[in-house]
Amino acid sequence: MEPILELRNIQTFIGQYHILQGVEFSIPKGRITALLGRNGAGKTTTLKTILGLTPPRTGEVIFEGKPIHEMRSYDIAALGIGFVPEQRSIFRDLSVEENLLIAERKRGDLKKKQDMIFDLFPDLKRLIHLPGTHLSGGQQQMLAIARALVADNRLLLIDEPSEGLAPVIIDQMILAIRKLSVESTILLVEQNFIVASQLAEDYVIIEEGRSLKSGKIADLVNDKQTLQRFLGVA
Amino acid sequence: MKSLALFLRRNRAQLLTVTVLLFLLVVAIRGMEPTDASVTILRGLSVAAVTFLVASGFSLIFGLLDVLNLAHGTLFMIGAYVGWMVYIRPDTFLDILTPICLIASAFVLLPLWDFLANRLHGKKVVNKLWPWIGMLVAAALLYYSLQAYPITIWDAGVYSQSPGTYSLMADTGSRLIPAPVTFGAASPMLVILGIIAGSILLAFSLAGLQTKNSSGQAKQTLRLPWTFIAGFTALLVGGILILLFNTPLTTLIVGLGSNWLFFLAILVAFGTGFFLGSFIESTLIRPLYSRPIYQLMITLGLSAVGIELVRAIWGRSEFTMPKPEIFNGAGENCPATSILGALRDHCSTIFFMDSRIRIYNEVLIPVVGVLVLIGIWLLLKKTRIGMVIRAGVQDREMVEALGINVRKVFTFVFALGVALASLGGILAGPSMGLSASMGDSMILNALIALAIGGLTSYPGAAAGSLLVGLLQQFIIKYGQIGITLPFLSEPFMPSPPLVPASTVLLMVIILLVLPNGLFGRKE
Numbered sequence: 001m002e003p004i005l006e007l008r009n010i011q012t013f014i015g016q017y018h019i020l021q022g023v024e025f026s027i028p029k030g031r032i033t034a035l036l037g038r039n040g041a042g043k044t045t046t047l048k049t050i051l052g053l054t055p056p057r058t059g060e061v062i063f064e065g066k067p068i069h070e071m072r073s074y075d076i077a078a079l080g081i082g083f084v085p086e087q088r089s090i091f092r093d094l095s096v097e098e099n100l101l102i103a104e105r106k107r108g109d110l111k112k113k114q115d116m117i118f119d120l121f122p123d124l125k126r127l128i129h130l131p132g133t134h135l136s137g138g139q140q141q142m143l144a145i146a147r148a149l150v151a152d153n154r155l156l157l158i159d160e161p162s163e164g165l166a167p168v169i170i171d172q173m174i175l176a177i178r179k180l181s182v183e184s185t186i187l188l189v190e191q192n193f194i195v196a197s198q199l200a201e202d203y204v205i206i207e208e209g210r211s212l213k214s215g216k217i218a219d220l221v222n223d224k225q226t227l228q229r230f231l232g233v234a
Numbered sequence: 001m002k003s004l005a006l007f008l009r010r011n012r013a014q015l016l017t018v019t020v021l022l023f024l025l026v027v028a029i030r031g032m033e034p035t036d037a038s039v040t041i042l043r044g045l046s047v048a049a050v051t052f053l054v055a056s057g058f059s060l061i062f063g064l065l066d067v068l069n070l071a072h073g074t075l076f077m078i079g080a081y082v083g084w085m086v087y088i089r090p091d092t093f094l095d096i097l098t099p100i101c102l103i104a105s106a107f108v109l110l111p112l113w114d115f116l117a118n119r120l121h122g123k124k125v126v127n128k129l130w131p132w133i134g135m136l137v138a139a140a141l142l143y144y145s146l147q148a149y150p151i152t153i154w155d156a157g158v159y160s161q162s163p164g165t166y167s168l169m170a171d172t173g174s175r176l177i178p179a180p181v182t183f184g185a186a187s188p189m190l191v192i193l194g195i196i197a198g199s200i201l202l203a204f205s206l207a208g209l210q211t212k213n214s215s216g217q218a219k220q221t222l223r224l225p226w227t228f229i230a231g232f233t234a235l236l237v238g239g240i241l242i243l244l245f246n247t248p249l250t251t252l253i254v255g256l257g258s259n260w261l262f263f264l265a266i267l268v269a270f271g272t273g274f275f276l277g278s279f280i281e282s283t284l285i286r287p288l289y290s291r292p293i294y295q296l297m298i299t300l301g302l303s304a305v306g307i308e309l310v311r312a313i314w315g316r317s318e319f320t321m322p323k324p325e326i327f328n329g330a331g332e333n334c335p336a337t338s339i340l341g342a343l344r345d346h347c348s349t350i351f352f353m354d355s356r357i358r359i360y361n362e363v364l365i366p367v368v369g370v371l372v373l374i375g376i377w378l379l380l381k382k383t384r385i386g387m388v389i390r391a392g393v394q395d396r397e398m399v400e401a402l403g404i405n406v407r408k409v410f411t412f413v414f415a416l417g418v419a420l421a422s423l424g425g426i427l428a429g430p431s432m433g434l435s436a437s438m439g440d441s442m443i444l445n446a447l448i449a450l451a452i453g454g455l456t457s458y459p460g461a462a463a464g465s466l467l468v469g470l471l472q473q474f475i476i477k478y479g480q481i482g483i484t485l486p487f488l489s490e491p492f493m494p495s496p497p498l499v500p501a502s503t504v505l506l507m508v509i510i511l512l513v514l515p516n517g518l519f520g521r522k523e
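These protein sequences, in sequence, are chains B and Y.
If you read the first sequence in the working numbering, its first letter stands for residue 1, the second for the next number, and so on.
If you read the second sequence in the working numbering, its first letter stands for residue 1, the second for the next number, and so on.
Same shape as in the complex, but just chain Y (with noise of 0.2 Å):
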């Protein structure tokens, strides 16, 4: 009884504040039909978990690396597209899978080229000149034999060949799987020696330019676990096998059917992203801890590559991405009246208190959102690495204290934040479409959800994800039927512009009444 007073009595302005909302959720709600508010709440769920799958990886980045990273949105973006070549286009999937392999192979013997590079022992001149005159020489022969590598590919600046075109025949049925391109006058075994020496010499480099060459360095030894090898062997002969069969593999993977294709799609969106994150950590942020205005730059500046690297490949026009075929369907029992009705259909819509529902973008995506939830809320209390991830965001230097080696944890949150990301963005591509700034909304909300929130607070990301996504669903709906207040002689109906608006304003309030959000910890 006692601690419940003092439970009361500690968080009475956070309490306060919980009660406000709850109370104008309910203004909200009894303002419309029962039809419209429920409609409007699983919207704002969907809104919300897509919000969620971006702040929470963002969150967790913040919270123990202290990085703000402005490529989140990007890198969200990034994995819609990623996610759209395989679910659309797998035969470029399996196309550019060969050359990813053998390059990936080159990177796994990392520890071999450190090895190597530490023994090179010349001049001074030397030791400084080579690794930039191997990296050149690596750049200029991988650029050949790439060039040479045939990828079945589409053309934006072709109608019928574009990616709107592709996305629409899918939607249709009728998948149109180009003919493959051929290795043509180049001859395929000095094309694939190209790649794998270009990459061997490039990761050789790389490590070359990192090694410091000191005098008095003690003599390394080569640690290089069998798990290497087995990868560096596995990935190049896994690279090689997919060139040979390609024919039979597209034929086997274009067969699979979208929905099974859609779940691929999933798997690797979330794959490249855990990979992009790993690598940008790795390369990228890692040398920069101690010069925080630099990571700022940093994220930013690839945010920028990355839009326009993709608006390079794939055009600059927006284009749809369909939902698989399940989620898909309008037969006579559609709108189904039952979860079960409509996965026996495929109904796209599903009747649910007298309004249809679309069960792709209602039910899935919310889904999804409170899976991811669970699971990292899992992940961080139940597994070690979350343990270690807990304690690393109060104190770093204590973990590493302790004997852990939390650069290695800093590179998995890092990468887990932007694989959620990139989860959020293939789930969002059918529902929201894909354009190259698609993120820029996104990291826009997210940010806010974890302003109010508080800003390194798991449940508090959820929460605020909650709050941006319910108060623009209301917005959004109110916009159409309107509000009636008092001393006007119309309704008031909120113009789209106050969508974004109202969340900012929603963030603005919070902080004022509670600096440090919603679940923020005081400093």
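If we strip away everything but chain B, and leave its shape as in the complex, we get (with noise of 0.2 Å):
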């Protein structure tokens, strides 16, 4: 299959530490794959420098058979890539409504999505017109990823979805996210293992900023040594 993101030995510097030391992968178009790994071992790097946060040094990133990596950050998102960071980034001085709004490319895009992003996460209706301080750490989440869909995007990077939530809104984002791979491709970084096996077809493992192994999920649920060696899962 076709894939729509390709990384090649990708080295990212954060000032002079060497963070990315050759990451190399590509996703499937249309299907979730899981960014694992330890704390630290360079996932949320990776994200955001496919997004361009973090312009790579040297390597090449492709989206949709296009090099992006010398690419300003805004137009490769412009190109359609949705961001939902590990720590949400909700903008608390901006209401729910214009939380999604701000992610408009085109004007009246929240007008054509909203009724998806509501049916999808029916709370942000009741709380539109509330500051973005006044939401609970789900609340957060569910706005941080109906941001991320407002404006058209073909690829999804997730951060840490689960962080920090309780386990029923745990088992909400997950219903939320697989309705949400039926239209785009997700790239989907999470610590906990058990959520990511839930959600993903395939898997990339990162450690100390290089990719080192990825395969279909479900062969690694039965790979214990992997499963212990890279992610510390007994």
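Some hints could be false.
To be verified - No more than 27 Å apart at the CA atoms, straight line, and that leaves these computed lysine-lysine pairs for DSSO-like: (1) B:LYS106 with Y:LYS381; (2) B:LYS66 with Y:LYS381; (3) B:LYS112 with Y:LYS381; (4) Y:LYS382 with B:LYS106; (5) B:LYS125 with B:LYS112; (6) B:LYS111 with Y:LYS2; (7) B:LYS213 with B:LYS66; (8) B:LYS113 with Y:LYS2; (9) Y:LYS382 with B:LYS113; (10) B:LYS125 with B:LYS113; (11) B:LYS125 with Y:LYS123; (12) B:LYS111 with B:LYS179; (13) B:LYS112 with Y:LYS382; (14) B:LYS179 with B:LYS29; (15) Y:LYS408 with B:LYS106; (16) B:LYS111 with Y:LYS382; (17) B:LYS125 with Y:LYS124; (18) B:LYS125 with Y:LYS382.
Stated by the list, open to error - Calculated from the model, a selection of chain B residues having no Cβ within reach of chain Y, i.e. all distances over 12 Å: (19) GLY22; (20) LYS29; (21) ASP219.
Stated by the list, open to error - Quick partial rundown of chain B residues pointing at chain Y, CB under 7 Å, derived from the structure: (22) SER73; (23) TYR74; (24) ALA77; (25) ALA78; (26) PHE83; (27) SER89; (28) ARG92; (29) ILE102.
It is worth saying that the hints were derived from the structure and are not from the lab.
Don't be surprised by glycine CBs; every beta carbon is placed ideally from N, CA and C.
Both chains are sitting in their own frames, so use the hints and assemble them into the complex.
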């Protein structure tokens, strides 16, 4: 299957720290791929490198056949890549509605998508006029995902969607992300292997800034040795 | 009910401070005659409005860009001087408009120059060298052609032709416009061509300086929207037309009268500020976003350069700026008793609670301040760019990750901030008078106001300016009438140095109680 995104020998520095030391993988279109690895392995930096927020020093990022690693991050995002960051980054001074409106790339984007978004996250409809500060952790996560859905994004980069959420809310999130994967490709960073294995079909393991292993997540579930070595899951 | 209690508990320090401040205000008002109090409050509002114009721009820039623009006071001052030129010497303004239009027209085509400079492939040495040689040649061309270009200007060294004299004459109604300078021996055609060629070469060389010339770069395509070409043509043709019809245009613009000229001066000062701001941000600040110390140094340096430049052109002496006629009359019906009457008879003062109020200083300036307050508030709350600004203040990276070009917004905010300062300058000109150092006290006031209000908070800028303005005026007034204090045989008269000191003291006290200012957010 044709990959929607391909990373070739990515080397990224933050300041003088050599964070990514050769990340290479490609993700197939229309599926969920999980980026796995321990804390500080470079998963979040990989997402930021794809988006050009921490541009790679060498290496190539190919999105839909087009090299994007030399582009500015806002141009990269405008190609159709949505980002849901780890800390959610909900804009405090903006209402829920404005948090969604700001993600519009064309006027009326939100109008077109709002039924789909409110269908996915009914809570947001109720909270629409509340300021971003007043949301709980789960609601913030829903808003962060919803924000990435307003524009027509063919690739979603979702960083740690389950972090710090109650189990009930995690289940809701898993359901939502599954629904999303019908329309867009998703690259998911997830510490919680149980969540990742419920969502993703493919995986890539990153360890100390290098991509080590990739394959079908179904195979990984039974590969106790790999799980223990790279993910600390027994 | 529950949320109200929560609100009270969360903000008790703020509420307490505001209560104490209100109490002090009441005490201060009760301590003087009602007429004195009303005048003092209005004067305080006037100072507050000007402070707010400087402070709000400063805080917008600091909030979004994290740049402390130390040149803000100087840009306030430049706004006043540029406005003065349009207002008092519109002929000079028209004269310099032509070269400005011609130079600007070359820079409008920057995308084209970028494209062409990228196409130039040569040896590495040549690539590095030609922009500098080009700039030298361009500078020489511009120097000679601009020198030969006739500009009718004042002469600060000669009393009868100094800016102050022109101001005085305009005030007495005998606006004197000297005979225009002509091209003399130089050929007008050559001079104009020299300016155009020089500025095109300059723009081209600057574009060449920025190209990276990396071999692996993908081939650029030329993106030159028709608006750029239209802008280029409009500026070029406009500049030449202004030159051709200089004499009739001068007669026309001088004939507008001081009211319309002042209005024009406000527009030009605002526009100049906007242009200067976008120019400074895109050329000097942008390369320095990751180096805050250098930003401080460059804005501090800019402020010194600006002050000396103004001194070189306008001279070192201070001078006044007359108020526009509509606020400067003293007919038999003046002082007026109502606003309508004041507007009808063009009175400079009006009776309000048995005391005379200067309409320009104490009515117009606060009204403009409130209008700007509302305008910027609407911009921030009701427009998309305002939404992006509010979001960008908190998290620039996330805004960019949504596909929004934050750099454009940065330039806009910097330009808007500087434009507001320039607007403050031209408005303060008639009430404060013009001096090259008028920006220094203003930026100090603005910084204190911002520290009081919370550095990046917009309502904070307004509240801080209000406090600073009121406090200063009350101290000045009490300096005249004295405060009766217990255990003192004579009333205490605050001396003039206590005026700025009192605001600093207020800032210190408020920051001790509320380290983030009145409206600041806890980091």
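To see whether the hints hold, each was checked on the structure:
{"no.": "1", "hint": "B:LYS106 with Y:LYS381", "verdict": "holds, 20 Å"}
{"no.": "2", "hint": "B:LYS66 with Y:LYS381", "verdict": "violated, 38 Å"}
{"no.": "3", "hint": "B:LYS112 with Y:LYS381", "verdict": "holds, 23 Å"}
{"no.": "4", "hint": "Y:LYS382 with B:LYS106", "verdict": "holds, 17 Å"}
{"no.": "5", "hint": "B:LYS125 with B:LYS112", "verdict": "holds, 15 Å"}
{"no.": "6", "hint": "B:LYS111 with Y:LYS2", "verdict": "violated, 35 Å"}
{"no.": "7", "hint": "B:LYS213 with B:LYS66", "verdict": "holds, 25 Å"}
{"no.": "8", "hint": "B:LYS113 with Y:LYS2", "verdict": "violated, 36 Å"}
{"no.": "9", "hint": "Y:LYS382 with B:LYS113", "verdict": "holds, 22 Å"}
{"no.": "10", "hint": "B:LYS125 with B:LYS113", "verdict": "holds, 13 Å"}
{"no.": "11", "hint": "B:LYS125 with Y:LYS123", "verdict": "violated, 62 Å"}
{"no.": "12", "hint": "B:LYS111 with B:LYS179", "verdict": "holds, 20 Å"}
{"no.": "13", "hint": "B:LYS112 with Y:LYS382", "verdict": "holds, 21 Å"}
{"no.": "14", "hint": "B:LYS179 with B:LYS29", "verdict": "holds, 15 Å"}
{"no.": "15", "hint": "Y:LYS408 with B:LYS106", "verdict": "holds, 17 Å"}
{"no.": "16", "hint": "B:LYS111 with Y:LYS382", "verdict": "holds, 18 Å"}
{"no.": "17", "hint": "B:LYS125 with Y:LYS124", "verdict": "violated, 59 Å"}
{"no.": "18", "hint": "B:LYS125 with Y:LYS382", "verdict": "holds, 21 Å"}
{"no.": "19", "hint": "GLY22", "verdict": "holds, 20 Å"}
{"no.": "20", "hint": "LYS29", "verdict": "holds, 21 Å"}
{"no.": "21", "hint": "ASP219", "verdict": "holds, 33 Å"}
{"no.": "22", "hint": "SER73", "verdict": "holds, 5 Å"}
{"no.": "23", "hint": "TYR74", "verdict": "holds, 5 Å"}
{"no.": "24", "hint": "ALA77", "verdict": "holds, 4 Å"}
{"no.": "25", "hint": "ALA78", "verdict": "holds, 4 Å"}
{"no.": "26", "hint": "PHE83", "verdict": "holds, 4 Å"}
{"no.": "27", "hint": "SER89", "verdict": "holds, 4 Å"}
{"no.": "28", "hint": "ARG92", "verdict": "holds, 6 Å"}
{"no.": "29", "hint": "ILE102", "verdict": "holds, 5 Å"}
Going through the hint list in order, the structure does not satisfy hints 2, 6, 8, 11 and 17.
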